[in-house]
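Peer 1: Read off the chains here:
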Amino acid sequence: MSAILSIEGLTVGLPKGADRPHALSRVTLELRAGEILCVVGESGSGKSMTASAILRLLPPNVAIEAGRILFEGKDLAAATEAEMRAIRGAGIAMIFQEPMTALNPLRTIGDQIGEMFRIHTDLGRAETDKRALALLEDVHIPDPKLAMRAYPHELSGGQRQRAMIAMALALSPRVLIADEPTTALDVTTQAQILALIRDLQRRLGTAVLFITHDFGVVAEIADRVAVMQHGILVEQGEAAEVLQRPQHAYTQALIAAVPPLTAPPPRAFSSEAILRLEGVSKTYRNGGFFGRGKRVTRAVRDVSLVLPRGGTLGIVGESGSGKSTLARCIMHLVKPDAGVIRLGDTDLASLSPAQLRASAKRIQMVFQDPYGSLNPRRRAGELVAQGPMVHGMARGPAMARARELFALVGLDPAAIDRFPHEFSGGQRQRIGIARALALDPEVLVADEPVSALDVSVQAQVLKLLAELRARLGLSIVLITHDLRVAVQVCDLVAVMKDGEVVEHGPIGRVFEAPEHEYTRSLLASVPGRDFALAKGAAPLSRV
Amino acid sequence: MRILSLAGRRLAASLPSLLIILIGVFLLLQLAPGDTVDALLAQMGGGGDAATTAELRRFYGLDVSVPVQLGNYLWRLVRLDLGFSAIYGKPVSTVILERLPATLLLMSASLSFAFFFGLLFGVIAARRVNGWQDSVISTLGLLFYATPSFWFGLMAIVLFSVHLQWLPAGGMESIGEGFTGFTRVMDIASHFVLPTLTLGLIFLAIYLRIMRASMLEVLTLDFVRTARAKGLDETRIITRHVLRNAMLPMVTLIGLQAGTMLGGSVVVESVFSLPGLGRLAYEAVVQRDLNTLLGIVFISALLVIAVNFLVDLLYARLDPRIAREGS
Amino acid sequence: MELTRRAAMLTSAAIAASVNLPEAALAQETPRRGGVMTVHFATEQRILNPSLQASTGVYIVGGKIQEPLVDLDAAGNPAPCLAESWESSADGLTITFKLRQGVTWHDGRPFTSADVQFTAMEMWKKILNYGTAVQLFLEAVETPDAYTAVFKYSKPMPLGLLLRALPDLGYVSPKHIYEGTDIRQNPANTAPIGTGPFKFVQYERGQFIIAERNPNYWRPNLPYLDRVVWRVISDRSAAAAQMEAGQILYSPFSSLALSDLARLGRDPRFEVTTKGNEGNPRTNTLEFNFRNPILADIRVRKALAHAINIPFFIENFLSPEYAKLGTGPIPSVSTDFYPTTPMPQYPYDKAAAIRLLTEAGHRPGAGGVRFTLRLTPAPWGEDIGLFSTFIQQSLGEVGIRVEIVRLDAAGFLRTVYNDWNFDLATGWHQYRNDPAVSTTVWYRTGSPRGAPWTNQYGVADAEMDAIIDSAATELDPVRRKARYADFVRRGNSELLLWNPVEQLFLSAFSRKLRNHANTPRWGSSSWHDLWIAP
Amino acid sequence: MKRFLRDYARSPAAVVGLLLLILVIGMAGTADWFFPRDPLALAGRPLQWPGANPRFWLGTDNSGRDIAAQIFHGARIALLIGLVATSIAVGIGIGIGAVAGYYGGIVDDVLMRVTEAFQTLPNFLLLLVLVSVFGSEMSTVVVAIGVVSWPAPARLTRAEFLSLRSREFVEACRTLGMRDRQIIFREILPNALPPVIVYASVVMAVAILLESALAFLRLSDPNVASWGNLIGLGRDVLRVQWYVSAIPGVAILLTVLAVSLVGQGLNDALNPRLKGR
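Chains as they are written, first to last, in the numbering used here: chain A, 0 to 542; chain S, 53 to 379; chain E, -2 to 531; chain Y, 579 to 855.
Note that these hints are calculated values from the structure, not bench results. Treat the hints loosely; a few may be bogus.
Derived pair list, reagent style DSBU-like, types lysine-lysine, alpha-carbon separation capped at 35 angstroms [stated by the list, open to error]: (1) A/K496 <-> A/K144; (2) E/K123 <-> E/K478; (3) E/K123 <-> S/K142; (4) E/K149 <-> E/K122; (5) S/K142 <-> E/K122; (6) S/K142 <-> E/K172; (7) A/K73 <-> A/K144; (8) E/K272 <-> E/K478; (9) E/K122 <-> E/K95.
Take a look, some chain E residues computed to stay more than 12 angstroms from chain Y by CB distance [as the list claims (entries may be wrong)]: (10) E84; (11) A188; (12) S331; (13) R403; (14) G447.
All values reported here derive from a predicted model rather than from experimental measurement. Idealized CB from N, CA, C, for every residue including glycine.
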């Protein structure tokens, strides 16, 4: 197979003052006709920059310094802007990570797809519309005629990405660059989009350069793999070869960090309930003044769950399933409409505001976003010491406690004087955990604690949680969308869909013999499932 | 029909604000030194004896307690009666209707002027960001913004009316010339050139700054990258994708600033002696003509609400996300 | 040769014009018919009917449409208008007017004594400002026939006083329009119907008023003009610009900025003069609040007067052309009443001022300030603003800190004349032909609280009150004049009120106008003989 | 801090603005030294052209006062008006915006109705009413300007609070059991402040312009040497002695320009996201 696109010694410079001189340094890569090449790497590895460089859509102040990008014999690195315009869309098309923002919100889908024809061909209006409609049918959008006239916000995430794909394939380009096209999607939708891309690629013979951070996705779709780290291509080869026998240490570490999908043997914990939810419901009414644009969302419906002392309860669901609202109900950040939440023997709803503030010591939360959950204007130590100080501890002892906690979560106690932005994402999440632990809580509610982190960091943070659980005798509620995360640390799992718990039970049972249809489809959609199952690595949670 | 119900809802939502304003201004003016009869006496030049002033106070309903006056006023308002103007000796609605055209003309002309050139210059500045065009436009914008409008108006009169004699110094049209049809339109237009510039410049400066910032913001959005990846050239990216998105904040701003513009017309109308609402308001305050002032407050609040309603409609046309949500 | 002679004639004509004798011009030229008179209308009025409101702002419009019983001639003497003749009974209780015959209202109805009776009883006596005071003792108007009106008074009414009052306070309105209506809300108040040389056509608020020639005017073949247009221009500089652009021909009553008037006066196209305004003199006032113990001390009042350099003020801020040193409440143009003997005066003398202040026990404190006074200037008239600043500056020199309290018209009247919440006030005293009309009220006690331009100063002077009362009912002109000299003397020596500047209004005319400014109240008059040269 | 200064100094416009502002502050500071006499005192014959008399290098106004002295002393008034009125407006705005944005719901509804009422009523009209009711002393004028200018900062603060209150660090504070007052003022406010501070420069510029417009209509305090008063006074002699209005007009223009440029410079330096634009 001949290379359709070959990158030779591509070096892209970063502006002065960046953390490294080159975004890409001497990257050499080959995309062959009819194959899917996955470029894998963690954030900052330069994988997206590679995609931008090919189409010469680099941000300002970033420029190609050396190397060639050969596409059908032409060096794109040296092409004029007009030549590039002719190639973009027609020769090489691209789809992006976030289909909501990648589509113009003010123009219809049909219009935006039709624009491809208007730029690159002389087709008439009727013919343009006909072709756009055919494309939407090709990508299996439900009701393509309606989708033609729809605006981006009227489609679901998966439909938008289908529309993006239809647009990219409008002129049957030789190469399709897909930049993390499924990262923003739910796991079931991701599986469908991956299937669609593979199907279309087979049918049309387009070469696909697929950029991802997820080895599960790689295992699912790739013919060949290229692994990048800090702007350097560290390894490339056939997919099976790289996955089974990674050569480079970085690749090995990445693959090792891919979580397994088998439940570990059950763990012993007390039968006494520390947290009990009975018939909890929460409905949002989006009522404007004088009933303008009123909408009712039943976020949580009649949920009853029990967390045993010392146990870990996973709550799994896709976006919009109500799992985060449930977590906020437990924390009393949101007041449930109905139902009882008991912490030990206390009904939280019966407490006065002052008592509620006092009971905050017993139950604490770890948040999803390591950037947003720390006040950027306070020093790390202060953030951790704040809790004890609110509950009456003097500043001196509170800061000493913060230092201890820093050591406990694996941070340098000397770092308490630094500001949050001086830490990495994983470190910040550790600060968040330290803050939650500062009040010696009995229950820890962790809302997607690792979903914003790179795979290798995810594993470390989960390991920390498991360690702390063992050392401090914590009971944990873990909210996650990722079954692979839940399986690593949870004893019990509850699967939520549209505000309801559709299935719950011990994790081993739910994973091995799912009873509900939805649970089964969730499990089936995990990318690289076979690979993960086969991997069967040593479970982390048993430390 | 949907527009009507939208308008109705908008009005209903504005009612509390309107009520707060009317009652607030009413009570505030009770604290003012002197009432409309005092102002009348000043106009007469004296000689009114105690009996006639008491008679006048009774005539204007000023002899009853404040809550009763307020109640009377609100009750009349419910029946859409704005009352009788003490100073002008006519129903307030008539007085306001006579003054409305000049203000509407001034406001719409200034708004169009500011909007059009703000848009144009904002786009040029954003396209040539940090180039000399950008520097010139941004500097001019800042200068316009910093210029007191009445001062600009006075200096414009000195230059264009007094020294160059190109444009009339004030008034709404030439009186007694008997112009009709097209010549009358041109005559009125020539009277509105300087006032429009004077009132519009500061808004031009604001719009151009917003437009420039908004363009630069939109240019960094993902869909612009998509458009580039599709092979669009820069001009078409601007016209087809960026412009409409970038206009949204500017459109919002128009609604927010309708009140400010009306306030600015007080000064401009007084510089150019235009018979408009702004000057009427000033006179009503000075003459303690409570009914007229409240009438103006009422009408200008309606005007602001109407402008906001139009802005909403425009916004809904520009942004499909709002249109579907609103209904 | 021929050419030279013509040039010489032109030159002499130009000289004659610049010397500007209207009589001379009149003698040489034949009146031209037609043309539009455009007038600067600075402050819009609530009503235009001069039977209901006596102010120059109304006369400037309504005086062309409606007419009074009596007018003033060029020399300032009462002249027949709607009344052809008049006589008073010996006891001064009955005054009989013979009315002009053949006069019709603009709507075609005849003018009769019933109109005079209705206007006098329902308007002058009940509504018209100053009219209500002048006609206080009017009991009835009898109409023995259609052209005779007999005024019956319960106390003697000096004929001279009535005749001097009637040009301003004697405008007649049509009974058939007003009878049986609410007079204050009658539509004719803003669309007046009269007997005058011009008929009302249109009033656009904030823009203009138009009146056109009355073809049935009782003076044969008059007026000359086709129309009069009043342009509403509240901004003074805009008005000056329009004057220069030829868009207005006449700006009355000092409505332009003083600097613009000075400039236009130097421009050969315009004439800026006090002529035609002799009937409307005014004095600038400095009013003292006697409730403030500092000001109740006459030494302090005298010190204030001595501290202010009036000649300097007139020389540098106003102009000797229209302003001069005031000598008392009766201005020098009022030849009938101006005192012939010198009255007590307080010329500029800083040393005397300081001495008087020290005598009164006011020594300089911190920063050289003896005490602080609040000065409330009236908001009308550019010269009042300048004068208040000048007072502030002058008194500062002798250690009196002055805080200017700026108020609008309603606030000024309420604060000074009703709330008495001031130390010093400054404004205008308008003299209206006879001291009894609008001058003595500034000194006489007993005006109800809140009556503007009356004695609200917290001072009662029994001698002053006696002088005023005896003068008002004195029928003999010579003795009246003597009583008013006593009035000025008493007012000046006690310094109840200070009248430091005497002014006439300035008019700006286009040089094209003819027969303008030919009576002492020309701006208010009917303009029946006004014409415009090409 | 050092980086902030460096970022600020990168923009020539911002530096020019700062220099102008320093000039104005310098004028305010040295007014008593250069012109020890009361600037409102009679200095000489009125209406002397600039340069005509070496004693008055900017001439005299129509009340015979030294224009240069009034410009120098007026700088104090302008800065005073700007600072005090802005503090009032921003203070009220932050208070109302913070409470409305943090609590939402009915509190937000009520407060926003009031804010809307203030925005619906043309602010200059309200200012006219306030000044004619409460008089035109400088303190009244300044407070009135502050009172009519708060809605915009309030909306801005509210918007910031609306976006910040759902941020996880705020939820974290609540889960720690913090009191609302502490969360609003100690945790959220410091994060919401930078855009409000930048906007304060706009409020300050508008405050100076508002006072001058009032003075132009002769509704400001005649006992202080404000630039607006001088323009209003000069209006009477505009046709010939236009310098009386023109000179203070330029002073206002430059001051407002300085404040705006400094505000924009602050904005660019505080928002690194916009760097390089």
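Peer 1: Just to be careful, I want the Cα atoms of A/K496 and A/K144 compared with a cutoff of 35 angstroms; is the pair within it?
Peer 2: holds (30 angstroms)
Peer 1: Run the distance test for E/K272 versus E/K478: straight-line Cα separation, threshold 35 angstroms.
Peer 2: holds (25 angstroms)
Peer 1: The output says E/G447 does not contact chain Y. Does that hold with a beta carbon cutoff of 12 angstroms?
Peer 2: holds (19 angstroms)
Peer 1: Does E/K95 sit within 35 angstroms of E/K122, going by the straight-line distance between their CA atoms?
Peer 2: holds (20 angstroms)
Peer 1: Need the status of pair E/K149, E/K122: alpha-carbon distance at most 35 angstroms?
Peer 2: Judged against 35 angstroms, a Cα distance of about 13 angstroms means the pair holds.
Peer 1: Is the straight-line distance between the alpha-carbon of E/K123 and that of S/K142 35 angstroms or less?
Peer 2: Within the cut-off at roughly 22 angstroms; holds.
Peer 1: Compute the least Cβ-Cβ separation between E/E84 and chain Y, then decide whether it is above 12 angstroms.
Peer 2: holds (50 angstroms)
Peer 1: Taking the minimum C-beta separation from E/A188 to chain Y, is that value above 12 angstroms?
Peer 2: holds (31 angstroms)
Peer 1: For E/S331, is the shortest beta carbon distance to chain Y beyond 12 angstroms?
Peer 2: holds (30 angstroms)
Peer 1: Holds or violated: S/K142 with E/K122, Cα cutoff 35 angstroms?
Peer 2: holds (24 angstroms)
Peer 1: Examine each Cβ of chain Y, and state whether all of them lie more than 12 angstroms from the Cβ of E/R403.
Peer 2: At about 5 angstroms from chain Y, E/R403 fails to clear the 12 angstroms cut-off, so the statement is violated.
Peer 1: Are E/K123 and E/K478 close enough, with their CA atoms no more than 35 angstroms apart?
Peer 2: holds (29 angstroms)
Comparing the model with each numbered hint stated earlier shows that hints 7, 13 do not hold.
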